[in-house]
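What follows is the residue order along each chain.
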Amino acid sequence: MADKKINKRDIAKLPNEWCREFSVLVPSRESGTVAMTRWDGKDIGFLDWYRNTVVPPRDSFLPLIEEMFSFYKDKDGYNIELPPPKEQKQLIFGIRPCDARALAILDMTFNDGYQDPYYLGRRQNTVLVGIGCTKAYDSCFCTSLGNSPTDTTGVDLMLTDIGEDFLVEAITDAGKELLTTSSLSKATEADQARAKVSEETARQKVTRNIDIRDIAQKLRASFEDQDFWQKVAAKCISCGICTLLCPTCYCFDINDEMSKAQGVRCRSLDSCSFPIYTRMPMENPRTEKWRRVRNKVCHKYEFYPMLFDAIACTGCGRCIRLCPVNWDIIQIIESVPTGA
Amino acid sequence: MINSARQQRLIDEAKALLKQGKVRWIIGFEAGSLKFTTTPLITADAGDTSRLVINSFIVNNLSNFLPELEGRIGIVAKGCDSRSIVSLIQDSKVRREDVVILAVPCSGLIDLAKVEQLIGKDRDEIDAISRKDDKVIVTLAGAKREFSISEALYDNCLACELPTPQEYDILLGEPILPSNEPAAGQKKLDELKKMSPEARWQFWKKELERCIRCYACRNACPACYCQRCFVEETEPQWLLPIPHWQDNLMFQITMDIHVAGRCTDCGECQRACPVNIPLRSLTKEMYDIVADLFHFKAGMDKEALPLMTHYEQEEAEDLIG
Ligand code: SF4
Ligand code: SF4
Ligand code: SF4
Ligand code: SF4
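Sequence lines, in order, name chains A and B.
Here the first sequence is numbered in the working numbering, starting from 1 and rising by one per residue.
Here the second sequence is numbered in the working numbering, starting from 1 and rising by one per residue.
If you are wondering where the hints come from, they were derived from the structure by calculation, not from laboratory data.
It is possible that some hints are incorrect.
Claimed, not checked - EDC-like cross-link-like pairs, simulated, lysine to aspartate or glutamate; straight-line CA separation at most 20 Å:
#1 B:206 to A:40
#2 B:121 to A:107
#3 A:13 to A:48
#4 A:260 to B:247
#5 A:289 to B:70
#6 B:206 to A:164
#7 A:231 to B:48
#8 A:135 to B:125
#9 B:15 to B:125
#10 A:231 to B:30
#11 A:289 to B:68
#12 A:205 to B:124
#13 A:13 to A:227
#14 A:42 to A:30
#15 B:114 to B:134
#16 A:135 to B:127
Unchecked claim - Sample of chain A residues with no beta-carbon within 12 Å of chain B, all distances over it, derived:
#17 30
#18 59
#19 89
#20 112
#21 139
#22 164
#23 174
#24 197
#25 201
#26 235
#27 238
#28 271
#29 286
#30 320
#31 323
#32 331
Cβ atoms here follow ideal geometry from the backbone N, Cα and C, with glycine treated the same way.
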């Protein structure tokens, strides 16, 4: 199907139309931070200010808090109740290319030997509509990781800014179905050409770069280089920001919320930056800070490539932007000793 | 300019301290990787000291790193940081003879979140931000805009009671008197106090609902130094690790009580929070209550007994009275 376009003034028509079938989420500041929030039917103001969310869209698939099941005890023993089956279908409008890719990266873990029904249920139930970036943050480095501000990996439908309009392009079948809305008009060849230009302009705006050649090997060779890791970790305060808000981090903890003979089993996100991480089943083998910092870097740039042949970092820059001490993963990756 | 002169003096002093073996570590600030940021520089290498900076963005309270390093430490300290150092000395977490305080008289730090609000742009889209007397000058797309410091400095800086460290070894630059803007620093609190209890409850519910329990507020706080925090206890489990807002509230309130008498209003908790929860409205209220009830201000006098280790007869009357 040929590409379509829509005038920016009319953009609200899209979520308005889609919300008949889907529960539509858009970027919003409503909660007090920037997060994907239920479309309220009017506010498309985000088009002016939105660059990326603080809370990654991962939250719609692997939420901060998730009820796995509830249980209660009666005279016959314990009873378990699963949460009600999946609600309405979800549509995320405005996901950035790095975050869409992050979901593709998370799929590798949750759709592996163990199939996680909670995560996968939401994934299968959700359509992703991407909007390409036009102004990268000074912490973005997606282009170093084979990604780009207008990359379409992982989205179903993609919008690219071409001035007055957005070019609207279906990437998957689910995306094609969205194209049937009446608010779209046909894109011309000139529009396609404009999209090419805008892609290149957007790419130029990503100013930070890293060299990821042989990074997994370099990290393996430097694993025991305590001096290096201690230096790199010195200013880290072991908070959970760079992991809990990283779109590709997925560690979780499981706890029961109990009251008398009933309760809810919840899973909530956990962080390998915390000294008490994994203390529940055993001890944390990474008691010193530098070991935890090393784990965070190696998990993304060494272990994940080993397991899934993919780097578990999208270059979204959240860990740099949001870190209270400006710990910068780009500088770390750039300074890993060659191991020679 | 004055600033570059004192920055050079800092570099010289820090280098000499390391070279002469008077300290093992220097903790200061260097330029950060993003616009208008600085980042802690923790080094044992005299060569690194040339990277030290002093500017309006030296936000972190570096005293936070003191308890985790071994050996004598030379540390860059603004007024509030110096109070935290004194408080750590009072609590026997740090020995006075183990620190060399490189004191920076501070005229207040620029709050980038406020500047972003004023300008309607993100920090990395701004060309330049500078400070001139009681003005903050922001350059955007070549055009300059001036703001008063009461609009653009951190609330805790506006309310600062000790811009020039009282306890120091080396003073970098001329002493500075407290600003005349304490009311501006109290604005957010005043707004909250005017609310009905019900409205205030709803306010905090909404704020704390987005807490992700990253513990950055606790970890950035030099007064929170427990080896094992109550939130991590499992027997008994005071608090679930699941970030429901009620537990998040309990976490904040308990933390505030734990740092009562040690919080110096440095503002780090709020600054560290990735989801903008106005935590200082809680800590500053506690700070004011401590001042009212116990006539105690953290980190002002290293000889004073820590607040919670003693009591004066009159306190009981105030408390019950
Ligand atoms: S956000 Fe920064 S301080 Fe917190 S754990 Fe990550 S690197 Fe350390
Ligand atoms: S490691 Fe940092 S840059 Fe990479 S995906 Fe995570 S938050 Fe984004
Ligand atoms: S609180 Fe005071 S000493 Fe601390 S940074 Fe602000 S002005 Fe300086
Ligand atoms: S820094 Fe903010 S989000 Fe993190 S635990 Fe503290 S209040 Fe919650």
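Cross-check of the supplied hints:
Restraint check for residue 206 (chain B) and residue 40 (chain A): the C-alpha separation of about 18 Å stays at or below 20 Å, so the hint holds. Taken as a hint, the residue 121 (chain B) and residue 107 (chain A) pair is broken in the structure, with Cα atoms around 35 Å apart against an allowance of 20 Å. With a CA separation close to 17 Å, the supplied pair residue 13 (chain A) and residue 48 (chain A) stays within the 20 Å bound. Between residue 260 (chain A) and residue 247 (chain B) the CA atoms are separated by roughly 19 Å; this keeps the pair inside 20 Å, and the hint holds.
A threshold of 20 Å between alpha carbons decides the hint, and for residue 289 (chain A) with residue 70 (chain B) the separation of about 15 Å falls inside it, so the pair holds. For the proposed pair residue 206 (chain B) and residue 164 (chain A), the alpha carbon gap of about 37 Å is over 20 Å, so the pair is violated. Of the pairs offered as hints, the one joining residue 231 (chain A) and residue 48 (chain B) holds, with about 12 Å between alpha carbons and a cut-off of 20 Å not exceeded. Among the hinted pairs, residue 135 (chain A) with residue 125 (chain B) is consistent with the structure: their alpha-carbon atoms are about 9 Å apart, no more than 20 Å.
Restraint check: the Cα-Cα separation between residue 15 (chain B) and residue 125 (chain B) comes to about 35 Å, which exceeds 20 Å; the hinted pair is violated. Between residue 231 (chain A) and residue 30 (chain B) the alpha-carbon distance is near 15 Å, which keeps this suggested pair within the 20 Å criterion. The suggested pairing of residue 289 (chain A) with residue 68 (chain B) holds, with an alpha-carbon distance near 10 Å, which does not exceed 20 Å. At roughly 12 Å between alpha-carbon atoms, residue 205 (chain A) and residue 124 (chain B) fall within 20 Å of each other, so this suggested pair holds.
Distance restraint check for residue 13 (chain A) and residue 227 (chain A): the Cα-Cα separation of roughly 57 Å exceeds the 20 Å cut-off, and the hinted pair is therefore not satisfied. With a C-alpha separation of about 13 Å, the suggested pairing of residue 42 (chain A) with residue 30 (chain A) holds against the 20 Å cut-off. Distance check on the hinted pair: residue 114 (chain B) and residue 134 (chain B) sit about 16 Å apart at the alpha-carbon level, within 20 Å; holds. A threshold of 20 Å between alpha carbons decides the hint, and for residue 135 (chain A) with residue 127 (chain B) the separation of about 15 Å falls inside it, so the pair holds.
Listed as a non-interface residue, residue 30 (chain A) fails to keep its Cβ farther than 12 Å from every Cβ of chain B; the least gap is roughly 10 Å. Consistency note on residue 59 (chain A): stated as away from chain B, yet its beta-carbon is not over 12 Å from all of that chain's, at 9 Å minimum. Annotated as non-interface, residue 89 (chain A) keeps its C-beta farther than 12 Å from every C-beta of chain B; the closest such distance is 25 Å. Interface exclusion of residue 112 (chain A) from chain B stands, the closest Cβ pair being 25 Å apart, more than 12 Å.
At roughly 6 Å, the least C-beta separation between residue 139 (chain A) and chain B is not larger than 12 Å, which violates its mark as non-interface. At roughly 22 Å, the least C-beta separation between residue 164 (chain A) and chain B is larger than 12 Å, which holds for a residue marked as non-interface. At roughly 30 Å, the least C-beta separation between residue 174 (chain A) and chain B is larger than 12 Å, which holds for a residue marked as non-interface. For residue 197 (chain A), the non-interface assignment is confirmed: its Cβ lies about 22 Å from the closest Cβ of chain B, beyond the 12 Å cut-off.
At roughly 16 Å, the least C-beta separation between residue 201 (chain A) and chain B is larger than 12 Å, which holds for a residue marked as non-interface. Separation of residue 235 (chain A) from chain B is inadequate, the least Cβ-Cβ distance of about 4 Å not exceeding the 12 Å criterion. The non-interface label for residue 238 (chain A) is inconsistent with chain B: the shortest C-beta to C-beta separation is roughly 6 Å, within 12 Å. Annotated as non-interface, residue 271 (chain A) brings its C-beta within 12 Å of a C-beta of chain B; the closest such distance is 7 Å.
Consistency note on residue 286 (chain A): stated as away from chain B, and its beta-carbon is indeed over 12 Å from all of that chain's, at 15 Å minimum. Residue-level check failed: residue 320 (chain A) sits 7 Å from the nearest beta carbon of chain B, not beyond 12 Å. At the 12 Å boundary, the C-beta of residue 323 (chain A) falls inside the reach of chain B, the nearest C-beta of that chain being 9 Å off. Chain B draws residue 331 (chain A) into its interface by the beta-carbon criterion, the shortest separation being 6 Å against a cut-off of 12 Å.
The structure does not agree with the numbered hints 2, 6, 9, 13, 17, 18, 21, 26, 27, 28, 30, 31 and 32 stated previously, though it agrees with the rest.
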